[in-house]
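The listed protein sequences derive, respectively, from chains P and X.
If you count the first sequence from 1, you need to add 30 to reach the numbering used here.
If you count the second sequence from 1, you need to add 30 to reach the numbering used here.
Calculated from the structure, these hints are not laboratory results.
This structure is a prediction, so every number in the text was calculated from the model and none was measured.
Check before you lean on any hint, since a few could be wrong.
The list makes no distinction among identical chains, and a pair is therefore deemed to hold if it is satisfied within one copy or across any two copies.
To be verified - With a Cα cut of at most 25 Å, we get these calculated SDA-like pairs of lysine to any residue: (1) 126 x 73; (2) 294 x 154; (3) 294 x 282; (4) 126 x 295; (5) 294 x 168; (6) 294 x 169.
Protein chains: 2
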Amino acid sequence: MTSQITLSLDAMGGDHGPSVVVPAALQALERHPHLHLVLVGQEETLREHLQAGNQGDSGRLSIRHCTQVVAMDEPPSHALRSKKDSSMRVALEMVKTGEADGSVSAGNTGALMATARYLLKTLPGIDRPAIMSTIPTLGGATHMLDLGANVDCTGEHLFQFGVMGAVAAEAVHGLERPRVGLLNIGEEEIKGNEQVKHAAELLLESEEIHYAGYIEGDGIYKGEADVVVCDGFVGNVALKTSEGVATLISEYMRMEFRRNLLSKIAGVVALPVLRALRRRIDPRQYNGASLLGLRGVALKSHGSADSFAFGRAIDTAVREAEQGVPDLINARIERLLGAKEGA
Amino acid sequence: MTSQITLSLDAMGGDHGPSVVVPAALQALERHPHLHLVLVGQEETLREHLQAGNQGDSGRLSIRHCTQVVAMDEPPSHALRSKKDSSMRVALEMVKTGEADGSVSAGNTGALMATARYLLKTLPGIDRPAIMSTIPTLGGATHMLDLGANVDCTGEHLFQFGVMGAVAAEAVHGLERPRVGLLNIGEEEIKGNEQVKHAAELLLESEEIHYAGYIEGDGIYKGEADVVVCDGFVGNVALKTSEGVATLISEYMRMEFRRNLLSKIAGVVALPVLRALRRRIDPRQYNGASLLGLRGVALKSHGSADSFAFGRAIDTAVREAEQGVPDLINARIERLLGAKEGA
């Protein structure tokens, strides 16, 4: 794909604002020769950050001034009502008007989802947008959704998540007929709740979906499915729990290697290996959650992302925009609804 | 505590049956001088295993013959209906009749919970029994429930789990006023579902409980609460996901240390440290989930447990029986109901 892609970046969002977004933008322009970026935020601040850094190919970088910033702990309803000139909102408005092909923000998830939903609207046939992220597995990676946008989901919602996830995994990650699994628990008779059982029926019926059946929590990391579907409560708990375990093990490792002189020497000898290990489990690689089900590309970067991590979110937004993921989801859903009516 | 404790062991349950349970029993008798154990299962098979091993202080070990075994994949309803002389059931019946002070089984969770509930009955004031396990944290350990017995829970159920978890953490693990946290997700406005919010109100109101507020998935491993309460679907996913992450990281570690000659040498040098690390994250240490809310002590060992791990479940059963956890839960619930009526 060599067509020009323009992304709007919420340059004020996240814990670090422009000090992360500006360098991430400059680096992304070097990686993607057909990319144009618009930094949305307070112009003066952004100019200062640009002057501090290497301005790079400034012909592909512009600034859209706005006066407000959505705080990281700001309630979504408040952001929607009284932050009409926020960097988050203006960046999303550019997607709505077609000035940008997609948007990336490290701002607070609730406000971002609410604003994106309000401005971009949900695709026809999709009841609720969902948040999808990439998760490392033994053999590669899987894609999990929803990660927190919807706490209570019907079977129909879960089914739609499966469709959206499959389309995105195909388009962005080049998977053919990705295996869609439903996250469930393993106990006989108490196997799953009604919603999951209903979603399983819908996924089984649909020929458009390569349904891989139920998978359990440990199956996510074994790579038993390419797309893992769950409600936002379960998905968010699973994701945060995973982070917690990884942090705990890293901390234990640090403690053990610092225990005494011998273990410290072992730590020095093992340093290249430990660094390689750290790179493998580095969550920054997987930064960038897709807001799927909207009439536009919107990516959420982790609030604490550094410029490397923010860049990963930009990369995903580029791919989603190049492939036209919202249109692909729309087409798939239309086909599914057509098949249903035809049946 | 020096009073005699008798436990009945489902000697045929789990993936390995008597080849794990018999040695675990013999070792437990050595650790606990006041413990009596009853091996429940096919007498001839058990005698063979006892002869193969060191019989130890056989005065404190006896056999209760029975003819059936519940299969690991057997539906609970089938086990209840047609396995009335199973090792799992007979072991639980001994708790019911008072012949044993508690029971341990590595048999299938669904069948064990259903049989325990049917035979032992739920304590008054408790709507649903729950499964609790100990989880390692940065500073020590926490106790999490429910881990899979109840897929749909009301706020009232979650509140009762909090009470049961607090009592068990106090009695068995010696914690004073354990901090009870509710597992939740962090997004503003979409913060939690109705059940969790209702449970939060009930826990806040109750002076009996040291309520620590909401905690997120990563907070479990940071040790933000001593008791973590959630519904069985979420708890089971969180637990299995944690296992998945730990396995993934171990596997990555193995791969990195085997990459080339230099990394292999580093692995040899770091071996004592890596072994210490493995001990720290060894799930066998935490084996043994408590079935709480029943009129008797019942422990579930992991189906694949080895004799060390099964022994940990026996140790927990000993402590629960010594402390009389079911009576303590009963007393606490009565006090709470009394306080409510008095209010």
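Now the hints, each set against the structure:
With identical chains, the CA atoms of residue 126 and residue 73 are at most 25 Å apart within one copy only, with a shortest distance of 22 Å there and 75 Å across copies. With identical chains, the CA atoms of residue 294 and residue 154 are never at most 25 Å apart, being 59 Å at best within one copy and 56 Å at best between copies. In this assembly of identical chains, the alpha carbons of residue 294 and residue 282 lie at most 25 Å apart whether taken from the same copy (14 Å) or from different copies (21 Å). Within a single copy, residue 126 and residue 295 get their C-alpha atoms no closer than 57 Å, and across copies no closer than 57 Å, so neither meets the 25 Å cut-off.
Within a single copy, residue 294 and residue 168 get their C-alpha atoms only as close as 29 Å, which misses the 25 Å cut-off; across copies the closest is 21 Å, which meets it. In this homomeric assembly, residue 294 and residue 169 come within 25 Å of each other (Cα to Cα) only across copies, at 22 Å, whereas the closest approach inside a single copy is 32 Å.
Hints 2, 4, counting from the list given before, are not met by this structure.
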